[in-house]
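**Q** Sequence:
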Amino acid sequence: MNEKYLDELLQALEEGRLSREVVLAELKDLPYRDIGIAHLDTHRGLRDRLGEVVFAAGKTTSQLETILRHLLTMPGNILVTRLDDRQAAALQPLFPQFTYDEVGRCLVCRRREIEPAGRGTVLVVTAGTSDLPVAREAVITLELLGQPVELLADVGVAGLHRLLAYREQLWRAAVIVAVAGMEGALPSVIAGLVDRPVIAVPTSVGYGAAFGGVAALLGMLNTCASGVGVVNIDNGFGAACLAALINRAD
Numbered sequence: 001m002n003e004k005y006l007d008e009l010l011q012a013l014e015e016g017r018l019s020r021e022v023v024l025a026e027l028k029d030l031p032y033r034d035i036g037i038a039h040l041d042t043h044r045g046l047r048d049r050l051g052e053v054v055f056a057a058g059k060t061t062s063q064l065e066t067i068l069r070h071l072l073t074m075p076g077n078i079l080v081t082r083l084d085d086r087q088a089a090a091l092q093p094l095f096p097q098f099t100y101d102e103v104g105r106c107l108v109c110r111r112r113e114i115e116p117a118g119r120g121t122v123l124v125v126t127a128g129t130s131d132l133p134v135a136r137e138a139v140i141t142l143e144l145l146g147q148p149v150e151l152l153a154d155v156g157v158a159g160l161h162r163l164l165a166y167r168e169q170l171w172r173a174a175v176i177v178a179v180a181g182m183e184g185a186l187p188s189v190i191a192g193l194v195d196r197p198v199i200a201v202p203t204s205v206g207y208g209a210a211f212g213g214v215a216a217l218l219g220m221l222n223t224c225a226s227g228v229g230v231v232n233i234d235n236g237f238g239a240a241c242l243a244a245l246i247n248r249a250d
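Heads up, the sequence shown is in this note's numbering, so the first residue is 1 and it goes up one at a time.
Mixed in with the good hints, there may be bad ones.
Said to hold, decoys possible - Lysine to any residue pairs mimicking SDA-like chemistry, simulated, CA-CA at most 25 Å apart:
| id | residue 1 | residue 2 |
| --- | --- | --- |
| 1 | 4 | 36 |
| 2 | 4 | 242 |
| 3 | 4 | 37 |
| 4 | 4 | 54 |
| 5 | 4 | 146 |
| 6 | 4 | 245 |
| 7 | 4 | 22 |
| 8 | 59 | 245 |
| 9 | 59 | 19 |
| 10 | 59 | 103 |
| 11 | 59 | 20 |
| 12 | 4 | 14 |
| 13 | 4 | 53 |
| 14 | 59 | 102 |
| 15 | 59 | 212 |
| 16 | 4 | 59 |
| 17 | 59 | 40 |
| 18 | 59 | 85 |
| 19 | 4 | 19 |
| 20 | 59 | 14 |
| 21 | 4 | 77 |
| 22 | 4 | 41 |
| 23 | 4 | 72 |
| 24 | 59 | 232 |
| 25 | 59 | 233 |
| 26 | 4 | 20 |
| 27 | 59 | 109 |
| 28 | 59 | 69 |
| 29 | 59 | 25 |
| 30 | 59 | 74 |
| 31 | 59 | 31 |
| 32 | 4 | 84 |
| 33 | 59 | 96 |
| 34 | 4 | 90 |
| 35 | 59 | 36 |
| 36 | 4 | 119 |
| 37 | 4 | 113 |
| 38 | 59 | 84 |
| 39 | 4 | 31 |
| 40 | 59 | 22 |
No wet-lab data here; the hints were simulated from the structure. Fair warning: this is a prediction, and the values are worked out from it, not measured in the lab.
Work the whole structure out from these sequences, hints included.
**A** The following block contains the structure:
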């Protein structure tokens, strides 16, 4: 349920195209639906632009199947994040209307047209190719939020000339999402080059002393560059939602 769908529903009732009973049936699950294993937030689409999103990590395939079958009875697009290959292999035959992004580990069902909702372009930049899973999660989320998005991969500080070759693209962006593991230096460098909001995403990429992304997280939090905000380790989804709020057109 989102604001546009609710408006269409009420307009159809007003014009006599839908009966009062049908409209009441559509609204009966607000603000949530209790399905036993979860309370689906059917009201979320009225509060934000994306609606209920399913986090697959830690859930069984059976639980995910139950959740998706209920979500498919409701309007709107559906996003599932953090699927592993085993979960995806089990769910895809059951839900052929979904598309699985292997790199981003996301399952997506697009059922409604996505309206443009951004003032400018959100640029997602990765330090290395190993950071692409988190970056793809951000890109997919931004697309579902109606944000114009571009991806620039493998331009980390180990070869600074690679990043500098894209200075014009950096300056064209309205918001930049910088995804990096190891020591996490990329967001600081980017923020020192542009006057755009930079959302830093530490990843768990790195050798032992990277401590699963903690080193990158601390490096980003301690940046000497201004205009940098930091989200949690590997949180491409959260970075995308924040970028969309900054870049929203209304």
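**Q** Work down the list of hints and note, for each, if the structure agrees.
**A** Evaluated hints:
1. 4 - 36: violated, 29 Å
2. 4 - 242: holds, 22 Å
3. 4 - 37: violated, 29 Å
4. 4 - 54: holds, 22 Å
5. 4 - 146: holds, 14 Å
6. 4 - 245: Distance ~18 Å between residue 4 and residue 245 Cα, so the pair holds.
7. 4 - 22: Given that 25 Å is the threshold and the Cα spacing comes to 17 Å, the pair holds.
8. 59 - 245: Measuring from Cα to Cα gives roughly 29 Å; hence the hint is violated.
9. 59 - 19: With a Cα-Cα distance of about 38 Å, the restraint between residue 59 and residue 19 is violated, given a limit of 25 Å.
10. 59 - 103: OK: residue 59 and residue 103 at ~20 Å, within 25 Å.
11. 59 - 20: Answer violated: residue 59 to residue 20 is near 38 Å, above 25 Å.
12. 4 - 14: holds, 15 Å
13. 4 - 53: holds, 18 Å
14. 59 - 102: holds, 18 Å
15. 59 - 212: holds, 22 Å
16. 4 - 59: violated, 31 Å
17. 59 - 40: holds, 15 Å
18. 59 - 85: Given that 25 Å is the threshold and the Cα spacing comes to 13 Å, the pair holds.
19. 4 - 19: holds, 19 Å
20. 59 - 14: Violated - the C-alpha atoms of residue 14 and residue 59 are around 42 Å apart, more than 25 Å.
21. 4 - 77: holds, 13 Å
22. 4 - 41: Holds, at about 17 Å.
23. 4 - 72: Distance ~18 Å between residue 4 and residue 72 Cα, so the pair holds.
24. 59 - 232: holds, 21 Å
25. 59 - 233: This hinted pair holds, its Cα atoms lying about 20 Å apart.
26. 4 - 20: Since the Cα atoms of residue 4 and residue 20 sit roughly 19 Å apart, the hinted pair holds (cutoff 25 Å).
27. 59 - 109: Distance of about 19 Å is within 25 Å: holds.
28. 59 - 69: Holds, at about 15 Å.
29. 59 - 25: violated, 29 Å
30. 59 - 74: Roughly 21 Å between the alpha carbons, so the hint for residue 59 and residue 74 holds.
31. 59 - 31: holds, 23 Å
32. 4 - 84: violated, 33 Å
33. 59 - 96: Status holds; Cα separation ~20 Å.
34. 4 - 90: violated, 33 Å
35. 59 - 36: holds, 14 Å
36. 4 - 119: holds, 20 Å
37. 4 - 113: Holds: residue 4 and residue 113 sit about 11 Å apart, inside 25 Å.
38. 59 - 84: The given pair, whose Cα atoms are some 11 Å apart, holds under the 25 Å limit.
39. 4 - 31: holds, 16 Å
40. 59 - 22: violated, 33 Å
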